[in-house]
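Engineer: Once you have looked at the hints, place chains B and C on chain A.
Single-letter residue listing:
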Amino acid sequence: MKWEPVIGIEVHVELDTASKMFCGCRVSFGDPPNTNVCPVCLALPGSLPVPNREAIERIIRLGLALNCGINPGSVFHRKNYYYADLPKNYQISQFDIPVCVDGWLDVESDRKAFRVGIERVHMEEDTGKSVHVGEGGRIHTAAETLVDFNRAGTPLVEIVSRPDLTSAADARVYAQQLRAVVAETGVSDARMERGSLRFDANVSIRPEGSETLGVKVEVKNMNSFRSLEKAISAEIERQTARRLAGERVVMETRHWDETGGITRGMRTKEGSSDYRYFTEPDLAPMIFDDSWVEAARSTLPELPGPRRERYQRMGLSPASARVLASSDPDLRRLFQDAVAAGAAPVQAAHWITGEITASLRRREASPKDVPLRGRHLAQLTQMVGEERISAGAAREVLEGVITGEGSPSQVARARNLEQISDRVALEGAVEEVLDAHPQAVERYRSGEKKVRGFLVGQVMKVTSGRADPRAVNQILTARLEG
Amino acid sequence: MPIDVDVAHVAGLARLALSPRQLDRYRQELSAILEHASRVQKVDTAGVTPLSHPLMLSNVFRPDEVRPSLDREEVLEMAPESRDGFFLTSPALE
Amino acid sequence: MPSPLLSVVAAGAALRAGETTSVELLASVLSRAEMTESELHCYLNLDREGAMEAARRADEQMARGEERGPLHGIPVAVKDNMCTRGLETTCSSQILAGYHPPYDATAVTRLRQAGAVIVGKTNLDEFAMGSSTENSAYGPTRNPWDTERVPGGSSGGSAAAVATGSAMAALGSDTGGSIRQPAALCGVVGMKPTYGLVSRYGLVAFASSLDQIGPLTRTVADGALVLQAVAGHDPADATSYAGPVPDFSAGLQRGVDGLRVGVVKELDGDGYQAEVSSATDDMLGRLASSGAEVEEVSLPLFDVALSAYYLIAPAECSANLARFDGMRYGLSIKKATAAATMAATRVEGFGPEVIRRILLGTYALSAGYFDAFYGQAQKVRSLLQEEFRNAYQQVDVLVSPTSPTTAFRLGERTQDPLSMYRSDICTIPSNLSGHPAISVPIGLDSKGLPIGFQVMAPALGERVMLTVAAEVERIAGFCALPPPALAPPTEVPL
Chain A
1 MKWEPVIGIE VHVELDTASK MFCGCRVSFG DPPNTNVCPV CLALPGSLPV
51 PNREAIERII RLGLALNCGI NPGSVFHRKN YYYADLPKNY QISQFDIPVC
101 VDGWLDVESD RKAFRVGIER VHMEEDTGKS VHVGEGGRIH TAAETLVDFN
151 RAGTPLVEIV SRPDLTSAAD ARVYAQQLRA VVAETGVSDA RMERGSLRFD
201 ANVSIRPEGS ETLGVKVEVK NMNSFRSLEK AISAEIERQT ARRLAGERVV
251 METRHWDETG GITRGMRTKE GSSDYRYFTE PDLAPMIFDD SWVEAARSTL
301 PELPGPRRER YQRMGLSPAS ARVLASSDPD LRRLFQDAVA AGAAPVQAAH
351 WITGEITASL RRREASPKDV PLRGRHLAQL TQMVGEERIS AGAAREVLEG
401 VITGEGSPSQ VARARNLEQI SDRVALEGAV EEVLDAHPQA VERYRSGEKK
451 VRGFLVGQVM KVTSGRADPR AVNQILTARL EG
Chain B
1 MPIDVDVAHV AGLARLALSP RQLDRYRQEL SAILEHASRV QKVDTAGVTP
51 LSHPLMLSNV FRPDEVRPSL DREEVLEMAP ESRDGFFLTS PALE
Chain C
1 MPSPLLSVVA AGAALRAGET TSVELLASVL SRAEMTESEL HCYLNLDREG
51 AMEAARRADE QMARGEERGP LHGIPVAVKD NMCTRGLETT CSSQILAGYH
101 PPYDATAVTR LRQAGAVIVG KTNLDEFAMG SSTENSAYGP TRNPWDTERV
151 PGGSSGGSAA AVATGSAMAA LGSDTGGSIR QPAALCGVVG MKPTYGLVSR
201 YGLVAFASSL DQIGPLTRTV ADGALVLQAV AGHDPADATS YAGPVPDFSA
251 GLQRGVDGLR VGVVKELDGD GYQAEVSSAT DDMLGRLASS GAEVEEVSLP
301 LFDVALSAYY LIAPAECSAN LARFDGMRYG LSIKKATAAA TMAATRVEGF
351 GPEVIRRILL GTYALSAGYF DAFYGQAQKV RSLLQEEFRN AYQQVDVLVS
401 PTSPTTAFRL GERTQDPLSM YRSDICTIPS NLSGHPAISV PIGLDSKGLP
451 IGFQVMAPAL GERVMLTVAA EVERIAGFCA LPPPALAPPT EVPL
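Here the protein sequences line up with chains A, B and C, keeping their order.
FYI, in the working numbering the residues of the first sequence are 1 to 482.
FYI, in the working numbering the residues of the second sequence are 1 to 94.
FYI, in the working numbering the residues of the third sequence are 1 to 494.
Any given hint might turn out to be false.
[Said to hold, decoys possible] Computed list of lysine-lysine pairs in DSS-like fashion (alpha-carbon distance at most 27 Å, straight line): (1) Lys216/A with Lys112/A; (2) Lys230/A with Lys220/A; (3) Lys230/A with Lys112/A; (4) Lys129/A with Lys230/A; (5) Lys42/B with Lys334/C; (6) Lys334/C with Lys79/A; (7) Lys220/A with Lys79/A; (8) Lys129/A with Lys79/A; (9) Lys129/A with Lys334/C; (10) Lys79/A with Lys335/C; (11) Lys2/A with Lys216/A; (12) Lys230/A with Lys216/A; (13) Lys230/A with Lys2/A; (14) Lys129/A with Lys265/C; (15) Lys449/A with Lys461/A.
Hint data in this document are derived by calculation from the structure and do not stem from the laboratory.
In this text the structure is predicted, and so the values were computed from the model without any measurement.
Chain A extracted, bound-state conformation:
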């Protein structure tokens, strides 16, 4: 029997609002420990939460970007569990009425396009950070935990997908494209290295062709696309091996062990997953009327999916459209500016996704850092089109523009890269070459036609390669045959 995996992904996104979800402490990464804390986020006795309106605006925007419906009424719940870095020992989260429900994300990879259902997008708060200090140098030094509550109370959005994914690779592409939407909507800095996005995966396997879902295992602790993919692969392998050996898969939560490359079961006490959700009595319900939702919709930027389609309508190939649609916003702006300045979209995209991206990467620069503008790119493509510069010279011109030497025509002139198509100048050059090589002329005239190639080369040489090769051919033929 063959087994096929069924995968759902939960993505936690930290919002980069100015202040925390329920208090006025700064949301900041890398500050000294316990400097952004107050009675509310430390859960001092008597403190009360007040929700950050901006965070709510952002989750609505993100939900709309993921094609979700916005619940007309939504409430916060308390999710009860004890953990040293959860100050209240309950997390303010959402249970049965999240802000956003029933959306989807259209995902497109090199190999295929597919749709992933979004079950819900809900609002909650982050925990503090624990640093587990291992056994010390001395034998009697016990292990201990250091806790920093700066992160506690940071607005956290959880995006729960439907179990629509069927491979670790697809899960990775989904996560990457979801990240692009998160970045695009501007709700989060979406910086992976800061843990702004964190992943959990629900993995089960079932006999190929079966309609029923297998026993689900939740795998936690992935904070990069690579570890997400590896963790899911490892878990699929583990489950498949068990089933092939005739063993059962147990419903549980497992941790991804990056160094070991395996998922590990957690020893959980019985009943520890009884979160005893109940309506948060410290917070009023939220009511989102149409005007609120429509106002949020009007702030939505163009998203990668629709943008891809628009680029294709402009004539770009699907591959080129996909690359450009998910590229740096400044590169896309360059594209739009170049097209507006008269560049052919296909040419502009070709330069941007190819030479310009490569050049910037070599320089470790972002588009904002260099003086290349849309009108420059338009001019460059025009010069190539009009054969004022050769393709090779065009790359050199681009470098000149990027290093601040001026517009393409200025660079081409200053660097002597413009093709010479002036008939008088070219005729002079041809005369010069014919005078210098009388034997070659003789051989040609006696029927050795291939010598013409040598003569063309000599003309290119005396013009430093700037001569228009077609014009040179024409003049040369006329002189030799005449």
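Structural biologist: Chains B and C only, in chain A's frame:
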């Protein structure tokens, strides 16, 4: 009808390290209280929306503005133990 | 020295007339405390120095003509479940022994802004869970009318302090009757305002959807003044009422002529002390004579209100008290793991009643029992509010005894939690509905113990409630009586 409560399980959820004697005492007391409290089950509540807020409030928010945080020294002075600006506790891993 | 039993109104008048000073008023209540504290134990922490400094400041401001209002220079006590910056706040629990909050509760801030002098922190049932102030980790408070008896609870320290004159007014908190019931048992006025009218920020939460701060005072007029000082919107409390706050003192003289007064049928009968019932009946007759239209109103769900309350309040408390875990502040019993530290700290730091309610609430919320217990109780709450709404279409206020009995003996109900819980049978419905209610003393029983009369009103109906309460007070003529159990103050109060 007396209600039998698995007090050990409930105490685990509530992070209370109760002794066997305490467990036994609370089991009896809870049973009696819950028997009384279960009178709510006699009320016909079909179609009733539960009330969790006495006032009809909605959409209470604060603007996204940073307010001063507490002084760290004051914060850690309250802590049972601290080190290098962190709260120090026994290991979280069991 | 002025009498410590002056009303806030009278003391304020004397201050403004230059007949006394805030320092003198404070000295008067402090000397009363010296005399009574060893016997009564109203206070967990008398802040003599801080209070004296505040009194001096109040006098200086007054001298400069900077008058801050009716509470300016008045010595006020605060229940020890409200945070006071730098002043130990324990909620009568071992788990918060030595805890000094880094901030003031909003109600405390407003008292200070109004120029009030905070005398100290009063005793309570641990985390406000109880009806006798016996569940205090620091020992019980005793009733000034009979020191063998309880003052009621959980705001027993505040009630006894006001009754005996070791404070001129006090703040309490009321989750199921914790202001009104001790007020009744101590012969003072105690008011629970509409939920949301007074900010809960800095009030250590017991049951968030039920808790409300309110005044304990010697007169209804004093209650109106203290409420005025602390009421009003607070952006730090998302459940705080954002509308305008009326003048609570206007209309105290209006009388009850033409007002419709509904007597709650369900709050009488079995379990009610005969003298309480007859005093209540007597008051109803006299209200009718004053022009009120008195009629009986039935609210059948009052019979299950107690049951619903003992599911909802413990459920919320089980989460609210989860933060006391020995990790960041307060008591910490260090064990090998964080989980074990939490479990040991909590068992060591919480008293039996608190543990009982945490267990009860955890159970009511747990998987498999939620719908039958907590979920059902919240639905009953919804129906109860509807029943109240219907009743208030017929009448302006509802009335009843505040407590089925007068003060009981220490230890009398400690062994039977249910009998203790029944002390709040008359007060709980208003917490579940979020409506305001007030207790006014109307006389003494044959043992010389005060009897309280409760006036309930619809949401934000404080003014009509206070109008009726003021008339009840006038009819009863009770407020001038000093508690006889201890040596009476040297001067007759105004």
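Engineer: None of the hints should be skipped; say for each whether it holds.
Structural biologist: Now for the hints, and whether the structure bears them out:
no. : hint                   : result
1   : Lys216/A with Lys112/A : 26 Å, holds
2   : Lys230/A with Lys220/A : 12 Å, holds
3   : Lys230/A with Lys112/A : 20 Å, holds
4   : Lys129/A with Lys230/A : 25 Å, holds
5   : Lys42/B with Lys334/C  : 46 Å, violated
6   : Lys334/C with Lys79/A  : 26 Å, holds
7   : Lys220/A with Lys79/A  : 18 Å, holds
8   : Lys129/A with Lys79/A  : 18 Å, holds
9   : Lys129/A with Lys334/C : 20 Å, holds
10  : Lys79/A with Lys335/C  : 26 Å, holds
11  : Lys2/A with Lys216/A   : 18 Å, holds
12  : Lys230/A with Lys216/A : 18 Å, holds
13  : Lys230/A with Lys2/A   : 21 Å, holds
14  : Lys129/A with Lys265/C : 56 Å, violated
15  : Lys449/A with Lys461/A : 20 Å, holds
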